[in-house]
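Colleague: Sequence:
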Amino acid sequence: MVVRTGDDQTGAQAVPVVELLGASKSFGALKALDHVDLRIAAGECLGLVGHNGAGKSTLVNLITGLFAPTEGQVRYAGAANHLEAGIRAISQEGTLCPNLTVLENLSVVQRDLTGLGWRRRAADRIRSALDVIFPGHRIRSDSLVIDLTLAEQQMVEIAIGFADGLRPARLVVLDEPTSSLDASIAAQLLAHIRRFCAEGGAVIFISHMMGEIFDTASRIVVMRDGRLIAERPAGQFTRQGLVDAMGHVTESDVQPSPAALARALGDKSQAILRTPEGIEARKGEIVGLAGLAGHGQAEALARFYLSQSSDWHGAARPAAAFVAGDRKRDGLMPIWSIRRNLTLAALDTLTRWGLIDTAKEAAIGAEWQRRIGIRTPDMGNPILSLSGGNQQKVLFARALATTAGVIVMDDPMRGVDIGTKTEVYDMIRHEAARGRTFLWYSTEMDEIRNCDRVFVFRNGTISAELEGDRISEENILAASFQFDEDAA
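Counted from 1, the sequence shown has number 482 at position 482 by full-length UniProt numbering; the numbering is strictly sequential.
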């Protein structure tokens, strides 16, 4: 049983793994963390929530020793540093070396894996961790990371964080750990977290998925503007109370797009696109792709997008724009500014005689910073100065800043807070009302509910087409695991 704050053994009474005492962190004039007091005890799962830029990453970086506090202290019980304390972190951004194998990536962080037989020992450790956390996985320890799917890479990262080593893991920081996992694999991870904490381990769990927080955390801490705004046992929060503490309004009821309403009234307007897999969409329609991760949804989107774009030159009026879910691999230009990353897809409209109209570029950047709420004092700052969620906003704004009639979205809201998601959902519906069509692959049911029509994939083909009230988790799961005639 997970140790709960407020039960017989509270977080205050249990042995602390790490304590922050008046910890602050400043980057020049920006105060990213402001006098935080926090202790994390053995046996608890601490849910850490807040909007993008609230200070969560800075807090974690202090705990894991990446940053030193500008003011205050970070103390590790019975240890000189985070490594001796058995503190490990699994980053939202991903830290695997793609040109190394799975077991070689483990050896990068476990420095005792040297000498004769180290490969066998590394293979045993990573295979054991994968088997315990993700039973039924098909990941080979000698596979190159670059050959793994995004979900498999995330599973490997998580397994490395929990794997046995010279020093056992006592506190594992999980930053959006399920962002690339389908529901069944995510459930395996959450079950392991509960077991780990019940056996005396501790976890800091960062997620923008409220259901995961309430299912897993024993205590919840809410951050805003670098401060702890609320802190109490998970059972004393409601979903609405948690969202209010974060400083955002809750999601509004999903409203159908004009295309869906027209179809309900009998409008048989021709689809503007059809794919070889059988996906079709009308002008102004929001079409979702669902099902278990890795069953062909992302590949179908990629094939459609590439069929609508040239592989050697841009277009002033592109037929489609793309929003990547894996921003490091498919989206960001890491050495460019925020503004240049945002305006990249509209570059052909900003250039004349080979020169960029910098005034127009700045105007587009300022407009979308305001519209989508990119948190930065200067759009000329490097893109990597932003939090992960704000980087994702830039990619979303990049697509919407074009004149493309079709927006292709490959699980684009990974790591984005609930308030930002609500704003983006509203923006999608607004753009659909103006006639834009959206193809949207998502692993989150709350996002699928925003769609007018959903195609469920299984083994690379469409197993069900759902509309209106038939878009439900039950129907999607039924179609994901078998060709269910009732769902189809």
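FYI, nobody ran anything at the bench for these hints, they're computed from the structure. From a predicted model like this one, the values you see are computed outputs, not experimental measurements. Treat the hints with care, since some could be wrong.
Simulated restraints, written as ranges between beta carbons of each label pair [unchecked claim]:
#	residue 1	residue 2	range
1	272	65	25 to 35 Å
2	274	184	22 to 32 Å
3	231	83	54 to 64 Å
4	128	469	17 to 27 Å
5	307	353	24 to 34 Å
6	164	97	43 to 53 Å
Beta carbons are placed, not taken as given, at the ideal position from N, Cα and C, and that holds for glycine.
Colleague: All hints, please: hold or fail.
Modeller: How the hints compare with the structure:
no., hint, result
1, 272 <-> 65: 25 to 35 Å, "violated, 53 Å"
2, 274 <-> 184: 22 to 32 Å, "holds, 30 Å"
3, 231 <-> 83: 54 to 64 Å, "violated, 27 Å"
4, 128 <-> 469: 17 to 27 Å, "violated, 45 Å"
5, 307 <-> 353: 24 to 34 Å, "holds, 31 Å"
6, 164 <-> 97: 43 to 53 Å, "violated, 21 Å"
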